[in-house]
Amino acid sequence: MPQPETAEKILFQYVQQLERGDQQALRKLVLHFSPSLHRFACSMMGNMEEAEEIVSDVFVKLWRQRANLPAVNALKYYLYKSVRNTALNYIKQNNRRSAGHYNWEVTARNAGMPTPEDFLISKEQLVFIRDAIRALPPRCQEIFMLVKEEGLSYAEVADLLDISAATVNVQITIALKKIWKTLDPVLQLPTS
Amino acid sequence: MTDRFWELMARNWSGNISEEERAELERYLLEHPEYWLKAGLEKRLDYKAGTHLSASQAGALADEVLARIQAEETGEPAADAPGKTQADEAGEPAESKRGRVKRRVALMLAVLIGVVFTWYLWKPAMDKPLKEIATIPGMKTSINLGDGTTVWLNAGSTLRYPEVFNRQDNIREVFLEGEGYFQVKQQAGKPFIIHTSTMDVKVLGTTLNVRAYADEDFSETALVNGAVMVTVQGKDFYLKPREKVIVRKKNNAAPAGGRRKTPAEQISLEPVRGVSDSLLMETAWREEKLVFQDETFAALALRLERWYGVKITINDPALRNSRFSGRADNVSLEQLLSILNAITPFNYDIKEREVIIQ
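Listed in order, the protein sequences are those of chains Y and D.
For the first sequence, counting from 1, position 189 maps to 188 in numbering that gives the first Met the number 0; every step adds exactly one.
For the second sequence, counting from 1, position 76 maps to 75 in numbering that gives the first Met the number 0; every step adds exactly one.
Next up, chain D with everything else stripped away, as it sits in the complex (with noise of 0.2 Å):
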């Protein structure tokens, strides 16, 4: 027998064979049918290694790693616990009618705090100290939060966050413009919201891609996993994995002004659009591949002057409307710019940061 044949034999037995290669093992097997009677017994034996763990070891370690999550999540030992708690029952009765006026007076700053915070948010943003984070066309970047947010940001895009957010507030609050993917860090009571032209989003801990570019006709929130809640123009949509919200704006006039109150968009819930499995249409940008699918010349042209920055210039308006399905992975200009051109043809010239297309 071949090594080959062998090959063939140990992928067939693991599972790790293509559709070609076990065409080839049948063309073997079918010369050889005694081999075939051997393979067939062998898919018939399962191996177990064993374990040092038993079932009632493994239930002793489950137990250790939920309280090992217990502690982490009060934020101290888990040993210590028992005993503060009844120095604090001891303490109590003494003093309970001091503490409960304190409780009052706390509970009214509290109170007051709240007001005023909450006036805080009917005026977003412009009172608050924020530092702004923008990426040039061509470039991408990533920004830890102080609260162990990530958010990677695509090109011509702008985050505002603030340098650090407050123990006290009871919301973190960004405000985005473009396009961005967030790994949202849970904090228990604490709910993240991201703000764009359109849409607020609320975030219980979670990743999402949310792309809002101004110059776009469409915007939208697209859930990676967790679970979010989406306000647009006053209405909620609660969004599950794999799920998006979109906005279309109607007409391509860019509502500069009265944005909420633009009666001229629609909003519709989308499945995500997955490329492969591992893969979402949403999110491929993170990885420097590029998805189109059935977009525009226009559209993508947009799409591809942040990603190269370049300015691109189509002349003919037939080519604008063109629609193309692609994905290219990792390619520069001049590639992408012949793959396009070998599905509907064109003329083209590059002159350092400008293309002309004709």
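Next comes chain Y alone, as it looks inside the complex (with noise of 0.2 Å):
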């Protein structure tokens, strides 16, 4: 699948563009970035709209910084932490933080190489494995997006969020072991 790459490419043009004073390139990086990024910022804040505030600052700090910006690989980690780092300095000053809510959707990859010992995950065990990841505790929610789906290494993510690598660890394994549990019927419906 060439996706990804093609898509990691895309981005370093994009970085290049913005390093060279590009403003479209900055338009479309945030294009790009601001929905994580506003999604990580209202975990941190609970309300939209400071989350919005603060991913635009971000940028803008991005676009001041574009003559030193980070590798391509590092700069999906490099915008978090300056959420993170702008929110709290938010939070300072109204001396609040609040837990984020997440709205999660769960798919599965069905289609492709159906092996002997593959198995069929129904729509209603998908929406079972969503109910389980929504109830697990927010902060264990959190961990498990930046980790999971934004792909974040357990140092960053320890980083990010001002804890230790063996809390990620523990938590990543705490929605493991959930999402394994509802697997348990799945593996008794073999396919043909």
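Careful: at least some of the hints might be erroneous.
Okay, the calculated bits of chain Y under chain D, using three or more residues with CB under 8 Å as the criterion [what the hints assert, rightly or not]:
(1) 75–87
(2) 135–147
(3) 162–173
Straight-line distance between alpha carbons at most 35 Å, and here's what the computed DSBU-like set of lysine-lysine pairs gives [what the hints assert, rightly or not]:
(4) D:K37 with Y:K27
(5) D:K139 with Y:K75
(6) D:K130 with Y:K75
(7) Y:K60 with Y:K122
(8) D:K37 with Y:K8
(9) Y:K8 with D:K42
(10) Y:K176 with D:K37
(11) D:K201 with Y:K8
(12) D:K37 with Y:K180
(13) D:K189 with Y:K60
(14) Y:K75 with D:K288
(15) Y:K122 with D:K201
(16) D:K42 with Y:K80
(17) D:K234 with Y:K80
(18) Y:K60 with D:K37
(19) D:K47 with Y:K91
(20) Y:K177 with D:K42
(21) D:K201 with Y:K176
(22) D:K37 with Y:K177
(23) D:K139 with Y:K60
(24) D:K37 with Y:K75
(25) D:K47 with Y:K176
(26) Y:K8 with D:K288
(27) D:K234 with D:K201
(28) D:K47 with Y:K75
(29) D:K130 with Y:K27
(30) D:K350 with Y:K180
(31) D:K350 with Y:K75
(32) Y:K176 with Y:K80
(33) D:K189 with Y:K80
(34) D:K189 with D:K139
(35) Y:K75 with D:K234
(36) Y:K60 with D:K130
(37) D:K288 with Y:K80
(38) D:K139 with Y:K27
(39) Y:K8 with Y:K80
Simulated from the structure, these hints should not be mistaken for lab results.
No experiment lies behind these values; they were computed from the predicted model shown.
Every residue gets a Cβ at the ideal spot worked out from N, C-alpha and C, and that includes glycine.
Hints given; two lone chains; assemble the complex.
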């Protein structure tokens, strides 16, 4: 699948254009990153409007920093870190912090190469799994989202959330165990 | 199932697993085929945490960011701009003639200033009041210049720079002897120029490392990111990120007087050497990391003298030419010497600030 590599390449181009002072490249980066950064900011602020301000601040800062951009593969983490620092500043001023709320959706790649030991994951099953994730503690959901959906490393998430890498490890294991349990019924349903 | 198994599963699932851990996990899974099936199922699931920001909201956010940048670059709030332009245009026809004369006088003045300024440029340094900052061996420092540029100065280096960068100047100039890491603040139409005895580096807002010690047989400019133009002996080199230009002196005679005319210099463009993804040979010193690759003991000793602020004497000529590669993060001189000693055995003696090697 060439998809991820191409996405990486396009990002690389945007970053290069941004280094040269191209505002349209910045616009593309905002469109690409702002939904997930906004979600993260929301989880810290518990408030959509403030989260938008924070994301806006982060990209203005990115523009000012354009001569010293991080490598493309470190950009996402850099932006997350920037959101966190900006949000902490807001919180320091207003003295509050709230837990995030996530609207999880789970999909399965059932199509592909069916092998004799392949099992179908039904729609009902996916809802079941989704509810299991939604029932996780908010902090666990946040860590799960950063590691699993955003692909950040344990060390990066630990740094971002001011917790130890061991805590990240524990929380991810908890999430895995919960999802693991919901898969039991699936194994009883082999395809033809 | 053991805790260890769960931990390995979670690490594998999230891509935070090492080769050894993966092998360990595979042994577990071979013993428990049912887990293996489940792990395969798990892999097929995608999770999306959802977002509150729709595509159109993201677009609006992008517009807002661009508007803020625009306002920042023009130096005034975006909302004020249209009103002002109108006022200017309204005032224009009434005094257009006087305005034109004024503008012509201003232009002539500008040309005159330009000529005087160019003359100053031709006789650089001496006429301008410059501040000087120097680091002794064993010491590093960083300086913030008035324009937002930051310079980290390695040991045994001198930087001369104007106390303030004048507003009317269309150029920012500093003079370096030794090694410096520059984070240059971009200013439209005001390039930043670093002069060394062998090269002039014209920077347009970027991060770079310049090394020009008088007692070393080479000098170099390595670009971390951004864009620079390096002029050596009248020739211009445009560097791309992670490229560097090196000027090697062919004979070791110090070219004290006739600097740029010394023909025995060899210029080359080379890629910057990476120790790892995040660490470059050229800039490792900033993080207190001493990196050397295939370097003669004599050359390395010169660096160690600056790094630790000691005097090193190597008595054995064969030892002077023996080569070392390695990396030392934040170690003492004693530790480093014992590491080198493990690579190539030699006797050494440390007395106060002097090291004798034989």
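Quick rundown of the hints versus the structure:
1. 75–87: Answer violated; 0 residues pass the 8 Å Cβ test.
2. 135–147: holds (count 5)
3. 162–173: Held - the stretch 162–173 of chain Y has 3 residues with a Cβ nearer than 8 Å to chain D, which meets the minimum of three.
4. D:K37 with Y:K27: 39 Å, violated
5. D:K139 with Y:K75: 32 Å, holds
6. D:K130 with Y:K75: 40 Å, violated
7. Y:K60 with Y:K122: 43 Å, violated
8. D:K37 with Y:K8: 34 Å, holds
9. Y:K8 with D:K42: Holds: Y:K8 and D:K42 sit about 25 Å apart, inside 35 Å.
10. Y:K176 with D:K37: With a Cα-Cα distance of about 11 Å, the restraint between Y:K176 and D:K37 holds, given a limit of 35 Å.
11. D:K201 with Y:K8: Holds. D:K201 to Y:K8 sits at ~29 Å (cutoff 35 Å).
12. D:K37 with Y:K180: 10 Å, holds
13. D:K189 with Y:K60: 21 Å, holds
14. Y:K75 with D:K288: 27 Å, holds
15. Y:K122 with D:K201: 62 Å, violated
16. D:K42 with Y:K80: Roughly 28 Å between the alpha carbons, so the hint for D:K42 and Y:K80 holds.
17. D:K234 with Y:K80: 42 Å, violated
18. Y:K60 with D:K37: The given pair, whose Cα atoms are some 44 Å apart, is violated under the 35 Å limit.
19. D:K47 with Y:K91: Holds: D:K47 and Y:K91 sit about 30 Å apart, inside 35 Å.
20. Y:K177 with D:K42: 15 Å, holds
21. D:K201 with Y:K176: 57 Å, violated
22. D:K37 with Y:K177: Given pair D:K37, Y:K177 holds - Cα atoms ~13 Å apart, limit 35 Å.
23. D:K139 with Y:K60: 29 Å, holds
24. D:K37 with Y:K75: Given pair D:K37, Y:K75 holds - Cα atoms ~31 Å apart, limit 35 Å.
25. D:K47 with Y:K176: 18 Å, holds
26. Y:K8 with D:K288: Within the cut-off at roughly 32 Å; holds.
27. D:K234 with D:K201: 13 Å, holds
28. D:K47 with Y:K75: Roughly 17 Å between the alpha carbons, so the hint for D:K47 and Y:K75 holds.
29. D:K130 with Y:K27: 43 Å, violated
30. D:K350 with Y:K180: Violated: D:K350 and Y:K180 sit about 68 Å apart, past 35 Å.
31. D:K350 with Y:K75: Answer violated: D:K350 to Y:K75 is near 51 Å, above 35 Å.
32. Y:K176 with Y:K80: 28 Å, holds
33. D:K189 with Y:K80: 32 Å, holds
34. D:K189 with D:K139: 28 Å, holds
35. Y:K75 with D:K234: Not OK: Y:K75 and D:K234 at ~39 Å, beyond 35 Å, violated.
36. Y:K60 with D:K130: Answer holds: Y:K60 to D:K130 is near 31 Å, not above 35 Å.
37. D:K288 with Y:K80: Given that 35 Å is the threshold and the Cα spacing comes to 25 Å, the pair holds.
38. D:K139 with Y:K27: Not OK: D:K139 and Y:K27 at ~40 Å, beyond 35 Å, violated.
39. Y:K8 with Y:K80: Satisfied, since the Cα-Cα distance of roughly 23 Å is no more than 35 Å.
This entry does not satisfy hints 1, 4, 6, 7, 15, 17, 18, 21, 29, 30, 31, 35 and 38, going by the numbered hints stated previously.
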